[in-house]
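Trainee: In case you want the letters, here they are:
2 protein chains.
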Amino acid sequence: MTGTLYGVGVGPGDPDLITLKAYNLLQSVPVIAYPAPAVGDSLARQIAAPHIPNGRREIMIRVSMAPKDALDRSAYDRAAVEIGDILRAGQDVAVICEGDPFFYGSFMYLFNRLEEEFPIQIIPGISSLMACPAAALTPLASRNEVLSILPAPLAEEDLRLRLSQGDAVAIIKLGRHAEKICTILRDMGLMAGAKYVAHATMPNQIVGNLADIDPADIPYFAMILVRRNEVAG
Amino acid sequence: MTGTLYGVGVGPGDPDLITLKAYNLLQSVPVIAYPAPAVGDSLARQIAAPHIPNGRREIMIRVSMAPKDALDRSAYDRAAVEIGDILRAGQDVAVICEGDPFFYGSFMYLFNRLEEEFPIQIIPGISSLMACPAAALTPLASRNEVLSILPAPLAEEDLRLRLSQGDAVAIIKLGRHAEKICTILRDMGLMAGAKYVAHATMPNQIVGNLADIDPADIPYFAMILVRRNEVAG
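First to last, the protein sequences are chains A and B.
Using my numbering, you'd call the opening residue of the first sequence number 1 and step up by one each time.
Using my numbering, you'd call the opening residue of the second sequence number 1 and step up by one each time.
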């Protein structure tokens with residue numbers, strides 16, 4: 001009997017935004033793994049900290065980000081081997097993920113490496129896509145609106161095209177691309193009304209109108225919400 | 001002191017996919033409201049049922065759906081008056097919503113009617129957008145992919161254009177529009193690889209390849225997931 005690999009969303013930051021299902025799993029699973037930067041703490045581990053019992057085996061997957069957002073895949077190769085050995089020995093492993101495992105999550109890298117050999121279950125989590133509109137008190141999309149999620153690293157022409165088409169747009173992965181995004185939104189007349197949320201549901205959460213924010217201050221974990229056609233009702 | 005209006009996501013169906021935050025609120029809030037069809041039970045009420053203590057004041061907002069998806073707005077007008085009276089008297093009211101309140105949710109109609117007069121807090125929920133990929137074991141979007149959410153009632157030309165552009169697409173609100181969607185996907189060579197999920201996380205959940213599903217059997221609460229460029233990694 002091999003163990004099951006769980007991809008567990010722990011939500012956007014507020015530890016209470018974890019689901020009962022994820023909470024219950026963390027109380028019983030013997031091994032908990034999580035990604036972390038090359039130096040420093042794991043965000044997923046920090047979010048879930050109040051819910052992780054003492055004495056669990058923990059596996060920290062340190063991933064260094066090379067320049068240009070290239071990823072050190074060998075870290076996932078090694079982690080897949082380590083986790084695979086545990087699963088093969090019959091123990092379950094929960095990989096905890098900030099937000100949701102399948103919404104732009106790095107869990108994908110482990111999933112791709114382990115899905116053929118092992119049973120996998122995903123426990124969905126509250127992603128930034130739900131947390132940011134809640135924090136900004138701004139409906140994300142409604143009725144027959146088209147909702148587009150645009151990663152800010154996309155090329156400028158591509159961003160302009162898609163911003164001209166979406167009814168509701170959430171722009172993610174901002175950081176050093178924020179200046180470019182703000183310029184485009186200003187050019188297109190979309191700056192007024194654009195909402196800005198950083199670190200949603202965390203103690204350092206910032207919510208405001210994008211027009212009031214200095215693009216140089218915008219971190220990676222931030223979102224811009226644009227609605228082209230406000231819906232009455 | 002007026003009460004606070006809470007928009008509370010209770011998740012896609014599995015009662016354990018409610019957040020601790022929503023669960024805790026339901027234990028203490030004196031009034032719980034929910035939408036329901038003209039006849040029959042409230043889906044949100046059913047999902048949250050195990051978590052609602054006895055003796056709460058409950059408000060059922062019955063909304064009849066006229067032909068052509070037109071909505072009986074007067075139901076929300078009346079509910080806003082009733083809820084407004086309770087808030088004005090100083091009691092908090094939780095409006096529970098299947099999925100997430102701001103992701104194509106009908107909570108918007110109460111929000112629009114009450115936001116100017118009362119304090120509002122949103123507790124985000126697990127939406128079908130997270131639950132369906134989890135059920136299908138299919139990553140939703142990753143890296144710099146553009147994710148588009150397309151309501152199936154859109155015009156055919158519009159759907160074709162957007163399907164030709166998105167890297168990852170989730171098609172929602174299927175039901176009687178499923179036949180049209182399947183024809184478009186087949187024409188565009190996107191049927192192979194398209195995943196289908198109905199009633200995600202509920203006892204009657206169905207997961208499969210869209211090619212194996214009869215469009216006539218597809219309900220409103222279903223999702224089709226299309227990825228045009230599978231990402232290696």
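Treat the hints as calculated values from the structure; they're not laboratory data.
A few of these clues could be false.
What the hints assert, rightly or not - A few chain B residues that don't get close to chain A, going by computed Cβ distances all over 10 Å: (1) M1; (2) V31; (3) P37; (4) A38; (5) S74; (6) I86; (7) G105; (8) E117; (9) S142; (10) V146; (11) K173; (12) G175; (13) E179; (14) R186; (15) M188; (16) G193.
As the list claims (entries may be wrong) - Straight-line C-alpha distance at most 25 Å; calculated DMTMM-like pairs for lysine to aspartate or glutamate: (17) K195(B) / E116(A); (18) K195(B) / E115(A); (19) K195(B) / E117(A); (20) K180(A) / D167(B); (21) K195(A) / D72(B).
To be verified - Estimated spans, in silico, between C-beta atoms of each pair: (22) D72(A) / E117(B): 31 to 39 Å; (23) R62(A) / G90(B): 50 to 58 Å; (24) F118(B) / D72(A): 28 to 36 Å; (25) Q205(B) / N112(A): 22 to 30 Å; (26) N112(A) / V81(B): 49 to 57 Å; (27) P119(A) / E179(B): 31 to 39 Å; (28) S28(B) / V81(A): 32 to 40 Å.
Here the structure is a predicted model, which means the values were calculated and not measured.
Ideal Cβ placement from N, Cα and C applies to all residues, glycine included.
Trainee: So, for every hint listed, does it hold in this structure?
Mentor: Hints and how they fare:
no. : hint                          : in the structure
1   : M1                            : holds, 20 Å
2   : V31                           : holds, 20 Å
3   : P37                           : holds, 18 Å
4   : A38                           : holds, 19 Å
5   : S74                           : holds, 12 Å
6   : I86                           : holds, 20 Å
7   : G105                          : violated, 7 Å
8   : E117                          : holds, 14 Å
9   : S142                          : violated, 5 Å
10  : V146                          : violated, 6 Å
11  : K173                          : violated, 8 Å
12  : G175                          : holds, 13 Å
13  : E179                          : holds, 18 Å
14  : R186                          : holds, 22 Å
15  : M188                          : holds, 17 Å
16  : G193                          : holds, 16 Å
17  : K195(B) / E116(A)             : holds, 18 Å
18  : K195(B) / E115(A)             : holds, 17 Å
19  : K195(B) / E117(A)             : holds, 21 Å
20  : K180(A) / D167(B)             : holds, 22 Å
21  : K195(A) / D72(B)              : violated, 30 Å
22  : D72(A) / E117(B): 31 to 39 Å  : violated, 53 Å
23  : R62(A) / G90(B): 50 to 58 Å   : holds, 51 Å
24  : F118(B) / D72(A): 28 to 36 Å  : violated, 50 Å
25  : Q205(B) / N112(A): 22 to 30 Å : holds, 24 Å
26  : N112(A) / V81(B): 49 to 57 Å  : holds, 53 Å
27  : P119(A) / E179(B): 31 to 39 Å : holds, 35 Å
28  : S28(B) / V81(A): 32 to 40 Å   : violated, 47 Å
Checked against the numbered hints above, the structure violates hints 7, 9, 10, 11, 21, 22, 24 and 28; every other hint is satisfied.
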